[in-house]
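J.: Okay, here's what each chain looks like letter by letter:
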Amino acid sequence: MTFITKPRINYAGQARNALGLTMHDYEGRLSTLCAGCGHDSISAALIQAFFELDIAPHTVAKFSGIGCSSKTPAYFLSGAHGINAVHGRMPAVATGSNAVHRSLYCVGISGDGDSLSIGFGQFAHALRRNLKMLYIIENNGVYGLTKGQFSASADVGTKAKKGEVNEQQPIDPVVTALGLGGTFIARGFSGDKEQLVPLIKAGLNHDGFAMLDVLSPCVTFNDHEDSTKSYAHTRQNFHPAIRLDFVPPAEPISAQSLEGGVISVELHDGSHILLRRASQDYDPTDRSRAFAYVQEHQARGEIVTGLLYIDEDRGDMHALAHTIDEDLVDIPYEDLCPGANALAELQNRFR
Amino acid sequence: MEALQKGGLNDLVIKLATVNGTGSASANSLLMRAIFRMGIPVMGKNFFPSNIQGLPTWFEIRVNHRGHLAHSSRVDVMVAMNAETHRQDLAEVSPGGTLIYDSTWPRDATLVRDDVEILGVPLAQICNDAFTGVRARILMKNIAYVGVVAALLDMDMEVLRQLLEETFAAKPKLVSPNLEAIDLGFQYAKQNFPCPLATHVKKLDKTRESILIDGNTAAALGCVYAGATFAAWYPITPSTSLMDGFRGLCEQFRKDPDTGKNRFCVVQAEDELGAIGMTVGAGWSGARAFTATSGPGISLMNEFLGFAYYAEVPLVLFDVQRAGPSTGLPTRTQQSDLLSCAFASHGDTRHVLLFPANPEECFHLAVAAFDLAERLQTPVIVMSDLDIGMNDWMCQKLEWDDGYRPDRGKVLDADALDQLPQFQRYLDKDGDGICYRTYPGVHPKGAYFTRGSGHDVSARYTEKPDEYQDGMDRLTRKFETATGLLPAPILHSAPQTTTWGVISFGSCDGAIRESAELLAEQGVHVDYLRLRAFPFGADVQTFLDSHERIFVVEQNRDAQLRSLLVLETDVEKDRLISVLHYDGVPLDWGTIYAAIYEQVKQSAAA
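Chains as they are written, first to last, in my numbering: chain A, 1 to 351; chain B, 1001 to 1606.
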């Protein structure tokens, strides 16, 4: 996040990562969101995660649709290509890009309007294809840019700033993703960076569609006392089911770190996620248990957070499509064109 | 005109009325290809229902030694295998023509025509005696009529035998029963009717350098040869076979020799919005990417087309047009998406359109479409139609120049970016309206944020009036540049000077050239300009200026090409005379002939 324009001063002793880059190198342009917007905290968490993972900014492609959330890819990683597409259709654009350039880190930023209303179909189908990407839903239960209408994630009984009460059932991205067969399902809170950064790191390295629903209060339209998506309400009902640490491939996992019922999940690049359970009955590899756990707590008004479900072995879109391991954009034309002789021979079938 | 309606040697139309899902398609194709192998120019048009099994379907084979292969409204030989449509089929036969029917069952006594020769062949009876099993009997009945037609038209049985062997190369057991069925029909006709008919076929040598191919297959081939690696689509008639063709060709030519993995990616999207979105994503990332659809898909793709126009993302879109509006007639042809494609999406948008007139051009213009899309950094829409896309056309063999290399347009690579002080995505450095682009992942300096919202030369968000307007004006400049790069129209001049012109595009071509030739024989001369691209170049204005009256021939109700000419050129509206055809059936030469002949004679009398 860069909320205030600051000169970029490099000073001796500032932290540099393995690429020799500073945190500044991962920042974006000045945010135009409201002061205190949860989305800016998420951008900050993204900046920290990319910095700590030593990912070169230009090896990332950023995708978004339309809405407050979708503006944010301009506010982190200026050194990465980004595309701010049309409303609700970001998953399609990300699919096309990843199909031809799979070696890029693919990051999509969406919102509850963009993913759960106009883009609900595309969200579901990107998840179904198990497109290898980190897909963040910056969820605030409200349409901010158009001045405060309810979104599809608004809870029943939520009162809008102007007094209107929502009577429709909310769509919960976590429950939806569990039902649709998602392979990485997580929830975070923009106000809890400590949990959010490892969730982002894990999602970036997941071999498939990493859905990260982040509660991100809207300070202007949905942070009042009748809102269930306010800072106060979220902090009060925040229930971390599972906390995690992300361990890069190079670092060995000590026996000590696995003590106390910690589960380790190995990702395809050799990195590990260490999962620390809040309660012993939670198993993030059991879909039906995860489903029940989330819903039971929801009934009590608790917001369950953490990496709630993971399946690292499904195979992403490329595995299902049997595409080559290299990027399609790198194949020389000579290897793509069958040539004049092949064309002549081929045409015998048209005689 | 009546004199022109009579068939003759190597000049006839065979129509086969059957029920869909009964194997008649292979029998009909066999007949057409046998005539082609006999060296006689031929085409086949399929009139099929939007249905899987049980509804009436027709196949028309036109044989013409002069090479005129547009749809003809004449029928010389009708093979009426569908009792349900028998009355209609009989009515359609031209005077002096022949109708063949299955006489196993008695025929309605009220179906009489004195001017048509009616030949009954007990096809079901013959096949029931010779074959066992319900499915085999139905299939063989349809193959048996090939034998009847072969005898009546004096076709070469050896050619038919060879074709069958090639067709069933993988299942040789099927050759002999099929041959037997053909022979049963052949022998019956020989023994019972005077063979051949006056209207029959005789070997020529006019197809040696030709192929029979449909436009969707040819377009798919073009995509493979252009180096396309990504395609996304949603199934819709009549574009589906284009994607099937592409995938099939990729399976053949695009397997990694070491790993057997795919050097292509075809995604069946959740809908057309997804299909074009994926194509945008792949094009933006630096791949040659395309999608294919028809009218309803174009409606859905509008938003992304506007995005790609404004954000300047190259992509290729094939619109295989069908009859609209709405669901319209999904299995019938039309050219009615012209205006909706030229200006697809809200705001001031316009798009490059290419107009192939036949499968051969589908191949070559597919390749050109990718070059143009990347050169101009914009969507290019190839406007095919159901007639071109799904029917077998006789074309020149496709030629390929191994020296071809894709024109990837203005792209900065890592070295170029290294030397640049600062990269500005939308800076018109060369004054032609086309800016330099970068691919993701190449160089940190090449990064920019692509958006459909207002942007300045550095791709930054802007609402400043002058910055917004400069961007819009540059796009206008880019489209002026485009007119110099697009395929030029093709002029067919009349044998003598004339003030009458014809302008048209796409699949109207064959019918126009045939009617122009016949009109010339009647002393009516027209110069004919066939457009191959939009926006129009200076040569279109020149043609309009050099003719007093111009017929605009097109296959839609609302004269969309005429509207486009009025909008985009300086022509006076009243000099353009519309010749419209929009019943869903391919355009026939007679419609054009009649319209032009009447108008010219009237003017002469006035």
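Please keep in mind that the hints were generated in silico from the structure rather than gathered at the bench.
Mixed in with the good hints there might be a few duds.
[What the hints assert, rightly or not] Not the full set, but computed from the structure, chain A residues with beta-carbon under 10 Å of chain B:
| hint | residue |
| --- | --- |
| 1 | H87 |
| 2 | H322 |
| 3 | E326 |
No residue lacks a Cβ here, since even glycine has one placed at the ideal position from N, Cα and C.
J.: Hints first: check each against the structure and report whether it holds.
T.: The hints, checked one at a time:
no., hint, result
1, H87, "8 Å, holds"
2, H322, "5 Å, holds"
3, E326, "9 Å, holds"
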